[in-house]
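Here is how the chains run, residue by residue.
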Amino acid sequence: MFSSTMSSINDFVVRFANVNGTGSASANLLFAKSIFRMGVPIAPKNIFPSNIQGLPTWYEVRVSEKGYLGRRAGIDLMVSMNPQSMKKDVESVRPGGYFFYDSTKPLQESFIREDIHYIGVPLMEICNREYTDARQKQLFKNIVYVGALAVLLSIEFEVLETLLKEQFKGKEKLVAPNVKALNLGADYIREHYSFPLDFHVERRDLVGDMILIDGNSAAGLGAVYAGASVVSWYPITPSTSLVSAFEEYARELRVDPVTGKNNYAIVQAEDELSAIGMAIGANWNGARSFTATSGPGVSLMSEFLGLAYYAEIPVVLVDVQRAGPSTGMPTRTQQSDILSAAYASHGDTKQVLLFPSTPKECFDMMADAFDLAEQLQTPVIMLTDLDLGMNDNLSAPFQWDDARAYQRGKVLSAEELENAKTRWGRYLDIDGDGVPYRTLPGTHPTKGAYFTRGTSHDEYAVYSEDSDTYVRIMERLLVKLNTAKKLVPAPEFYQDGKQSDTGIVFIGTTTHSARESLDQLKAQGIPCDAMRLRAFPFNEDVAAFIQDHDRVFVIEQNRDAQLRSLLVNELDINPSKMIKVLNFDGTPITADFISSSILKSLTTV
Amino acid sequence: MSYIKPKFHHPLLPKNKLGYTRKDYEGSISTLCAGCGHDSISAAIVEACYELNVEPHKVAKLSGIGCSSKTPAYFLSNSHGFNSVHGRMPSIATGANLANCDLVYLGVSGDGDSASIGMGQFVHVVRRNLNMVYIVMNNGCYGLTKGQDSATADRGSISKGGDATLFEGIDLCSLAIELGATFVAQSFSGDKAQLVPLIEAAMSHQGFALINVLSPCVTFNNNPGSTKSYEYVREHNEALAGIDFIPVGDEITTNYNEGERVEVTMHDGSVLRLNKLDHTWDPQDKLSIIAALKKSQQAHEILTGLLYIDRTSVPLHTMLNTTETPLNQLKEDQLCPGSKVLEGINAGLR
Numbered sequence: 000m001f002s003s004t005m006s007s008i009n010d011f012v013v014r015f016a017n018v019n020g021t022g023s024a025s026a027n028l029l030f031a032k033s034i035f036r037m038g039v040p041i042a043p044k045n046i047f048p049s050n051i052q053g054l055p056t057w058y059e060v061r062v063s064e065k066g067y068l069g070r071r072a073g074i075d076l077m078v079s080m081n082p083q084s085m086k087k088d089v090e091s092v093r094p095g096g097y098f099f100y101d102s103t104k105p106l107q108e109s110f111i112r113e114d115i116h117y118i119g120v121p122l123m124e125i126c127n128r129e130y131t132d133a134r135q136k137q138l139f140k141n142i143v144y145v146g147a148l149a150v151l152l153s154i155e156f157e158v159l160e161t162l163l164k165e166q167f168k169g170k171e172k173l174v175a176p177n178v179k180a181l182n183l184g185a186d187y188i189r190e191h192y193s194f195p196l197d198f199h200v201e202r203r204d205l206v207g208d209m210i211l212i213d214g215n216s217a218a219g220l221g222a223v224y225a226g227a228s229v230v231s232w233y234p235i236t237p238s239t240s241l242v243s244a245f246e247e248y249a250r251e252l253r254v255d256p257v258t259g260k261n262n263y264a265i266v267q268a269e270d271e272l273s274a275i276g277m278a279i280g281a282n283w284n285g286a287r288s289f290t291a292t293s294g295p296g297v298s299l300m301s302e303f304l305g306l307a308y309y310a311e312i313p314v315v316l317v318d319v320q321r322a323g324p325s326t327g328m329p330t331r332t333q334q335s336d337i338l339s340a341a342y343a344s345h346g347d348t349k350q351v352l353l354f355p356s357t358p359k360e361c362f363d364m365m366a367d368a369f370d371l372a373e374q375l376q377t378p379v380i381m382l383t384d385l386d387l388g389m390n391d392n393l394s395a396p397f398q399w400d401d402a403r404a405y406q407r408g409k410v411l412s413a414e415e416l417e418n419a420k421t422r423w424g425r426y427l428d429i430d431g432d433g434v435p436y437r438t439l440p441g442t443h444p445t446k447g448a449y450f451t452r453g454t455s456h457d458e459y460a461v462y463s464e465d466s467d468t469y470v471r472i473m474e475r476l477l478v479k480l481n482t483a484k485k486l487v488p489a490p491e492f493y494q495d496g497k498q499s500d501t502g503i504v505f506i507g508t509t510t511h512s513a514r515e516s517l518d519q520l521k522a523q524g525i526p527c528d529a530m531r532l533r534a535f536p537f538n539e540d541v542a543a544f545i546q547d548h549d550r551v552f553v554i555e556q557n558r559d560a561q562l563r564s565l566l567v568n569e570l571d572i573n574p575s576k577m578i579k580v581l582n583f584d585g586t587p588i589t590a591d592f593i594s595s596s597i598l599k600s601l602t603t604v
Numbered sequence: 000m001s002y003i004k005p006k007f008h009h010p011l012l013p014k015n016k017l018g019y020t021r022k023d024y025e026g027s028i029s030t031l032c033a034g035c036g037h038d039s040i041s042a043a044i045v046e047a048c049y050e051l052n053v054e055p056h057k058v059a060k061l062s063g064i065g066c067s068s069k070t071p072a073y074f075l076s077n078s079h080g081f082n083s084v085h086g087r088m089p090s091i092a093t094g095a096n097l098a099n100c101d102l103v104y105l106g107v108s109g110d111g112d113s114a115s116i117g118m119g120q121f122v123h124v125v126r127r128n129l130n131m132v133y134i135v136m137n138n139g140c141y142g143l144t145k146g147q148d149s150a151t152a153d154r155g156s157i158s159k160g161g162d163a164t165l166f167e168g169i170d171l172c173s174l175a176i177e178l179g180a181t182f183v184a185q186s187f188s189g190d191k192a193q194l195v196p197l198i199e200a201a202m203s204h205q206g207f208a209l210i211n212v213l214s215p216c217v218t219f220n221n222n223p224g225s226t227k228s229y230e231y232v233r234e235h236n237e238a239l240a241g242i243d244f245i246p247v248g249d250e251i252t253t254n255y256n257e258g259e260r261v262e263v264t265m266h267d268g269s270v271l272r273l274n275k276l277d278h279t280w281d282p283q284d285k286l287s288i289i290a291a292l293k294k295s296q297q298a299h300e301i302l303t304g305l306l307y308i309d310r311t312s313v314p315l316h317t318m319l320n321t322t323e324t325p326l327n328q329l330k331e332d333q334l335c336p337g338s339k340v341l342e343g344i345n346a347g348l349r
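Chains as they are written, first to last, in numbering that gives the first Met the number 0: chain A, 0 to 604; chain B, 0 to 349.
Bound-form chain B, shown alone:
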């Protein structure tokens, strides 16, 4: 059951530039387990949309099947949502986006949904550089079917039942970078300070933006020996940089003062400010992030933050040279060539 929350709220709640309160970005009450990392990610999405002054109804929420794919019911209740079939959210997102280029497409998936059954669709939506935010709520296991290993579980990671994972885990971030993804980030559900600006930056990016969020499963994969438990991720989390997202027109202030400052201006004029903690890495240099990821894997560290961004990103609509008007708003006279043209076609077929 999804519960509908009461609409009533305090009249003095702060409002964003559009006049919306945080409440306007919330959804139904979550039915996930208490302490589930996914709920923190939902909260981060609410916060990011509020801060970014996104109109809730201009967002389309899309998901596949699994615990993670349920979450679109728990945020943005004024947005249309589409809970599709297992592993097939990218194709729904592609079609929806082609139909209307004017909305923000927020895809939510899980490790089973993206790295197993939906690997084909994941790989190809990256290749197409579809303009969307793709959040993977990655807990290394299948929750709804009671805790089986997923394809992102690290080899040797111990499951709740005590068995070590036999196979190599798939690293979606490395894979996406290899495939030409134009925005790749990794974060932890417990690090809201990092996750919120990453979501904001991803929403401002023109092209495919992946955020792989480690999001522990409190019920089936939070045990000692698991590499996706709260404790393990906290201990092994290595942030590449402090991160601030400055929306268009906002005053630039920062929470960070150590490290080397890098500023990335997004297509819409907003600024992503990074205070680098790793000096060998440059977020716009693919080779440096591939090297950093390999090194971190050997050291059993989990790199988080913005990993890679390609500011020359060309999204699918541009590649296809589609009209600026959303295709779903074209009128009949723009779509139908009419009877006279048809007579000419007939004449050519005799």
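So that you can see chain A by itself, here it is in the shape it has in the complex:
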């Protein structure tokens, strides 16, 4: 209902239906990037199966003059390259939309809808005629449809050619055949159809210095900048590419130019238990170390997260969330590990969480995570999701302040140990902030050694089952949590002061759609205040915002309203004013869904 205001320029969704493993990904990226290069915001998303080859895969590009980067339902143009999914693909086109297909063979009668337009291009026939090699026929078919789409959507050919030249730098002889393929598709459209379509692209200057990158790569790069030197991991979708990105950047940026030796170490562990164990061992020994995983990995890492919490060892974990429970939908997105991460491990534990929403924030928060973990001597878990982690996202460019120094926290040097006037205690709170001083192995011949343990201990790290001692240490950990509230990234607000009695709260990848929904609601005469949480534990600003609003919509991507539960539980809020808006079908949440959910709730009150 909200997307019906069809502006025909720079506002549409194209979906590509492909077969996994047919080389379509690079052609689709070429298409998306050409629009980005024309200065128009795009939001590409992969929708893919947990499979290597042969199953249906989709690639969706939302083009948005207004810069809305969330997913939008309703397909304006379906590029159908997969007979297997064709029935569903035909059905998914909005009335009045277009269905682009390979017309080498006639379309089945049952796929004909009266309310949509059909654009057939005999892709296979063209490729059979022009190319002899079977693999080339397959690969160039993808480029031929990009050429056809370029004419239909007014994408500048020079831009496509430039992109191809960049792509094949060093393999220049591949440029000409690709340009030829583009022209084959373009010529067919020019000869057989009127163009451009009623919706198409026009050059703008709307993306400025923004970059296009996936969140996992951004986080991997952030870890390089943050000084991570030991990385342990176990492969799991959708986090695997994060460590791969770290490795690629480290190979480029972290090899000693003189000796050729690596200023980093990466170990693929035997499982997630070992992956987090290695990261904890390295941090215990003074190197910045992290691991990345997804929900099932967090379950396995829970025991170790409890040890790191209680023995107060810094460690950084990235959880790229996917749809659970259990193996769930491994290639679909969700925000469903909020509670399992916040309270990871048995006994009383509270973990520090970070919620990035853009690649730039993945980069920044990775650096923040290491500072926080070392300042607080505790695990820090960055919760991203598949949508952010594995899709190219339009983002503000990365920045690094060369004056920024790593915050290594309270670590005593040999000199400080030597000159200490009072007895040092590993778990002694000298400063009243709940954060004690730690020492690293090998620092001093006779001072500062202690026994790190997950068993109950006193301020001097000596084993103790004394109830008073136990309670004292557990309460001191809450003092530390209060310190964390001051150090973690503050929430972001989208209005000056209070403008409305209704507030909305969200995290991470819900942000794009939530902000679009704010515009939609405002246009309907329902302005709302909004708060984006960026970290847990929640600070006073979070509590005040909720306090100030009569009703608060908590928008999230899981079934059980986990963020709402965490807010209610941690801030002692009356649950009745906290209204759930939940999308958990594995696809990214849309603004239309948020707006209609809020409207429905407001009108039934």
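In case anyone wonders, no lab produced these hints; they're calculated from the structure.
Because the structure is a prediction, the values reported are computed rather than measured.
Heads up, some of the hints might be wrong.
What the hints assert, rightly or not - Covered by chain A, according to a simulated footprint, are these stretches of chain B (three or more residues, beta-carbon under 8 Å):
| no. | stretch |
| --- | --- |
| 1 | 69 to 78 |
| 2 | 211 to 219 |
| 3 | 341 to 349 |
What the hints assert, rightly or not - Now the in silico label distances, taken between C-beta atoms and shown as ranges:
| no. | chain 1 | residue 1 | chain 2 | residue 2 | range |
| --- | --- | --- | --- | --- | --- |
| 4 | A | Gln-398 | B | Thr-264 | 50 to 58 Å |
| 5 | A | Thr-421 | B | Glu-234 | 53 to 61 Å |
| 6 | B | Ala-346 | A | Glu-201 | 54 to 62 Å |
| 7 | A | Glu-417 | B | His-9 | 20 to 28 Å |
| 8 | A | Leu-54 | B | Ser-287 | 50 to 58 Å |
| 9 | B | Gly-179 | A | Val-257 | 42 to 50 Å |
| 10 | B | Gly-18 | A | Tyr-459 | 20 to 28 Å |
| 11 | A | Thr-258 | B | Lys-16 | 41 to 49 Å |
| 12 | A | Ser-575 | B | Thr-30 | 22 to 30 Å |
| 13 | B | Lys-145 | A | Asp-549 | 55 to 63 Å |
| 14 | A | Met-473 | B | Lys-16 | 39 to 47 Å |
| 15 | B | Ala-346 | A | Ala-489 | 43 to 51 Å |
Backbone N, C-alpha and C fix where the C-beta goes; we use that ideal spot for every residue, glycine too.
Starting from the known structure of chain A, arrange chain B on it as the hints suggest.
For chain B alone, coordinates are given in the frame of chain A:
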């Protein structure tokens, strides 16, 4: 409770080359049962570190959970220790070692900790050839939970309650050799003369060094019919060789005069001298030790001593081509590529 021992000691106690006395390598008073084999192993560790002139603070002691994993509190009180979670010491050791290649990593585990809950981590730390000493204090039972069989209990071995173990026992030494371990030894907590030089040799080895030490549980597994009792192990212990460890620069003297002499020079120049008692076995020949172990199992003997050593051992750091400087000592300018590089990366993403 761990008790802190008084620091006071006799001024005329002998000192090693670094000026440390044996006392400097001791830990808190043990809280294990009187007569526990583990305490003898702790004493052997103290002796080995003293003789090897190791700086106590340059050792990191790591353990999992169990009676054995408590022992790092009972030796080397000037070393950092890490009593981690059950069966997960190898991953902590791997991370710690990657962070700082300059320390000696001494892992202590038990049969439950290594052969049951931690089997996955044990197997993989062997594969990675992590430069560490891994001592298993093997008593065939779970002490802290009152004497259940562990996975190293031999089939048919009788527990204190009178039941025979139903399942095949896991032989960690054979397994480690199969997996490519580069130093594998077996010993008995009651044989300090053998155990001390083995620990010294293991500490000098570049790569993963396993010492499986039979260490009877006096409370739960020292009964007639048990194959891990003091009496049984003493009677069935077959030493492969007399053993001497000669640290770098020390004069070579020996306590043994019978048998065939083999000398193994370690990476650091120290020498392990073996007076072989079994002539079919060569410590650098994997097939000969596999055969010897199989034969000894059939004969219900427990082979002890250095079983296997691979002098071509390539430890993990070398495999990963990490820098000589410990990673935890790299400075920010070596770690952070800086803003200018980042601008270039941004440009490539437009």
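These are the hints, each one checked on the structure:
{"no.": "1", "hint": "69 to 78", "result": "holds (count 5)"}
{"no.": "2", "hint": "211 to 219", "result": "violated (count 0)"}
{"no.": "3", "hint": "341 to 349", "result": "holds (count 5)"}
{"no.": "4", "hint": "Gln-398/A with Thr-264/B: 50 to 58 Å", "result": "holds, 55 Å"}
{"no.": "5", "hint": "Thr-421/A with Glu-234/B: 53 to 61 Å", "result": "holds, 55 Å"}
{"no.": "6", "hint": "Ala-346/B with Glu-201/A: 54 to 62 Å", "result": "violated, 25 Å"}
{"no.": "7", "hint": "Glu-417/A with His-9/B: 20 to 28 Å", "result": "holds, 26 Å"}
{"no.": "8", "hint": "Leu-54/A with Ser-287/B: 50 to 58 Å", "result": "holds, 53 Å"}
{"no.": "9", "hint": "Gly-179/B with Val-257/A: 42 to 50 Å", "result": "violated, 33 Å"}
{"no.": "10", "hint": "Gly-18/B with Tyr-459/A: 20 to 28 Å", "result": "holds, 27 Å"}
{"no.": "11", "hint": "Thr-258/A with Lys-16/B: 41 to 49 Å", "result": "violated, 32 Å"}
{"no.": "12", "hint": "Ser-575/A with Thr-30/B: 22 to 30 Å", "result": "violated, 54 Å"}
{"no.": "13", "hint": "Lys-145/B with Asp-549/A: 55 to 63 Å", "result": "holds, 60 Å"}
{"no.": "14", "hint": "Met-473/A with Lys-16/B: 39 to 47 Å", "result": "holds, 46 Å"}
{"no.": "15", "hint": "Ala-346/B with Ala-489/A: 43 to 51 Å", "result": "violated, 31 Å"}
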